[in-house]
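**Student:** Here's the letter readout for the chains.
There are 2 protein chains.
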Amino acid sequence: MEHFDLMKRLQQKNSQKIILLVLDGVGGIPMHAGSQTALETAATPNMDKLAAAGALGQLISIRPGITPGSGPAHLSLFGYDPVEYEVGRGVLSSNGVGLKVNFGDIACRANFCTVDTNGLITDRRAGRISSDVAQPLCERLNTIEIPGIEVEVKLVKEYRFTVVIRGEGLEADIEDTDPQTVGKAPLSATARSAGSEKAADCFNSWLAKACELLKDEPQANACTLRGFSTDPGFPTMTDVFGLNPACIAVYPMYKGVSALVGMDVKSFNGDQPSDEFAAAERYWDAHDFFFIHIKKTDSYGEDGNFDGKVHVIESVDAALPQLMALKPDAIAITGDHSTPCKMKSHSWHPIPLLIWSPEMIRPDDQNTFGETSCAHGNLGTFHATELMPMLLAHTNKLKKFGA
Amino acid sequence: MEHFDLMKRLQQKNSQKIILLVLDGVGGIPMHAGSQTALETAATPNMDKLAAAGALGQLISIRPGITPGSGPAHLSLFGYDPVEYEVGRGVLSSNGVGLKVNFGDIACRANFCTVDTNGLITDRRAGRISSDVAQPLCERLNTIEIPGIEVEVKLVKEYRFTVVIRGEGLEADIEDTDPQTVGKAPLSATARSAGSEKAADCFNSWLAKACELLKDEPQANACTLRGFSTDPGFPTMTDVFGLNPACIAVYPMYKGVSALVGMDVKSFNGDQPSDEFAAAERYWDAHDFFFIHIKKTDSYGEDGNFDGKVHVIESVDAALPQLMALKPDAIAITGDHSTPCKMKSHSWHPIPLLIWSPEMIRPDDQNTFGETSCAHGNLGTFHATELMPMLLAHTNKLKKFGA
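Here the protein sequences line up with chains A and B, keeping their order.
Just remember that the numbering used here sits 41 ahead of the position in the first sequence, which is counted from 1.
Just remember that the numbering used here sits 41 ahead of the position in the second sequence, which is counted from 1.
Chain A with its partners taken away, still in its complex shape (with noise of 0.2 Å):
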């Protein structure tokens, strides 16, 4: 909060443009010892030019040798201290795929999963069923009706979608019923205080009236709900830092925590880096803040794709001078949390960070973008909340502290 106190007492308006170029999950870890990194292996003249005329750092996303999850680590690069300000998943997923979760609504990410005739789970997932298939079924599941109730179903992708009730006096204190592992039932909705026990309520109707409407299915026969959650009524990054920010993102998870925190998602066509920064063209004059956002360095990561993941980061370098053709006043790019192929996941290292602006910026001795480049960079290593005041600064858009 005190840092949220600051930003508005120095927040000062203008005209200048910011873009934070998310590369999700860009930083790694070598395959081998003696290796490298895959955004170290990638050729990135683009990148390596702004590295060089401008300064690296690293960003701890939540805590050093905290793995952050998506949202909390994007919440962090937007300068909300996911400790502090914590959202449900099934408030992202919703935001996401543009289910809007007002104060009081609860929100939930559901899975289609299969279950044996006992009612015991045999896969999670639903044998991770296409779009195409999980499409019609959200469409009859969209027909149930609670009393009372306002509820309303939405497929987020593959055998993932959410699930938004609405009325009164409805509180998200709920247990996920997934039991997180196969050959058990899927476990009731149950209230962990007095206050959410209607909602509790409302969902096992739900529940039950779903499975009745999926028995027949031969692996969407059942689903199970996770991530109760209502509006966390953030404040908004107008509010805080003063500015008009949009998203430009692919994915329904990343454009859901922009929502949270007050930023205008963007529609455009295509999901390659150069339809992302021709949106960001499109929208140019409206906005000063641009936050664009990559996944697939983080779909590859995750998959263990070492030569995939490199040749995202190639592409995104490709495309750069599209994005620095617009001549912002300042760029930052980074990525939300590390993804080491090795790893085939998130992980706590330290992630890349780039900051280059064409007046005010300290350049160091740095010449590309890469972790080791990046651990010598003179910005040093700092919490990814303070990425924005970073920018900001570098924009004019504070104010000094004091006489």
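Just so you know, the hints here were simulated from the structure itself, not pulled from any lab data.
Some clues are possibly wrong.
No copy labels: a pair is met if it fits in one copy or bridges any two.
To be verified - Subject to a maximum C-alpha distance of 25 Å in a straight line, what follows is the list of computed SDA-like cross-link-like pairs (lysine to any residue): (1) Lys198 with Gly168; (2) Lys49 with Glu127; (3) Lys90 with Asn419; (4) Lys90 with Ala416; (5) Lys385 with Pro404; (6) Lys49 with Val124; (7) Lys90 with Thr413.
Fair warning: this is a prediction, and the values are worked out from it, not measured in the lab.
Got chain A sorted already, so can you dock chain B onto it with the hints?
**Tutor:** The following block gives chain B in isolation, referenced to the frame of chain A:
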């Protein structure tokens, strides 16, 4: 507070002596791509010798990206987090010219200004009149009497002066009277809370009498008041660190902030680095901590005078052997903030730091004192409030934590 509790618990006194040599605004950025900063350009053989034998790092004054004012920047160097330890400009300025502000006294910074026949401000600094012109005006204003209240006026420099009122039931929660623009009349002093109404009334009475006394002046025919504040009652550096500290500074502001944390503010003749170092020599036996403040690095930075800044740094370096001849047990050479000539203003860029001590330093592999070498130094980048513990450590003034 936790920080101070630790310091109080661990402090141990001895006869070792610390010098904190502050080159105000010493940090910078290159004037153009590929060039060096003023500190890197300056020929500093003596500092480089200390850099080679000592250790380098970077300080963050307030928070990353936050540009500090002079008062907060110095409090931070003295170990007082300025976000927690806030102090008004009135108190700083008054202490700086030797007007004591006790708790319950209200001080403000005042500026002479010029108003037209309609009472609208035409020059917020009264043509920047000289101290010679302002001094008799301040003496005239010092004759103003307010029933039941003690009032004192003192010149700071040129068009700047301070007013302190002393009496019962005074509080400082009062809006500035400077409208911050020409073409408007000076504002009345307005209390922001009920407890401050009496003090606001006093200042309004004073302002009415002051404008009457000044009305026939050609330039300084009115004044504005700002930074209403009382003694914040900070713990002293003696309380917190167990030190007997001395301040050697030329400019009032820096004497003021030193007095606030309990330093003994020394008088001496001259305003050159060698004069300040001679003062340190004179008072060497009486104190164990010497804050020595060099102002001109910042002044040239604010003027955008790169060569001037280089020259001041070189003059400090040339005089440094005189200081080192005192055989300090630890010395830190740093700034309170950066003042890049290119920006002509304070900035948020980290502050170069050099620490040397004859016995307990862990040296790094850097051999010059500059922004890039400091970014590579082994002290890393840390918050300015941690500098005091580092200096106490290098002079064996902190006990072990735990058995």
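**Student:** It remains to establish, for every hint, whether it holds in the given structure.
**Tutor:** Hint check:
1. For a Cα distance limit of 25 Å, the shortest separation of lysine 198 from glycine 168 inside one copy, 13 Å, qualifies, whereas the shortest one across copies, 68 Å, does not.
2. Taking identical chains as interchangeable, the C-alpha atoms of lysine 49 and glutamate 127 lie at most 25 Å apart whether they share a chain (21 Å) or sit on different chains (17 Å).
3. Taking the shortest alpha-carbon separations for lysine 90 and asparagine 419, both the intra-copy value of 16 Å and the inter-copy value of 22 Å come in at or below 25 Å.
4. In this homomeric assembly, lysine 90 and alanine 416 come within 25 Å of each other (Cα to Cα) both inside a single copy, at 18 Å, and across copies, at 20 Å.
5. In this assembly of identical chains, the alpha carbons of lysine 385 and proline 404 lie at most 25 Å apart only when taken from different copies (18 Å versus 34 Å within one copy).
6. In the homo-oligomer, the alpha carbons of lysine 49 and valine 124 lie at most 25 Å apart both inside one protomer (20 Å) and across protomers (14 Å), since each shortest distance falls under that limit.
7. For a Cα distance limit of 25 Å, the shortest separation of lysine 90 from threonine 413 qualifies both inside one copy, at 16 Å, and across copies, at 19 Å.
Checked against the numbered hints given earlier, the structure satisfies every one of them.
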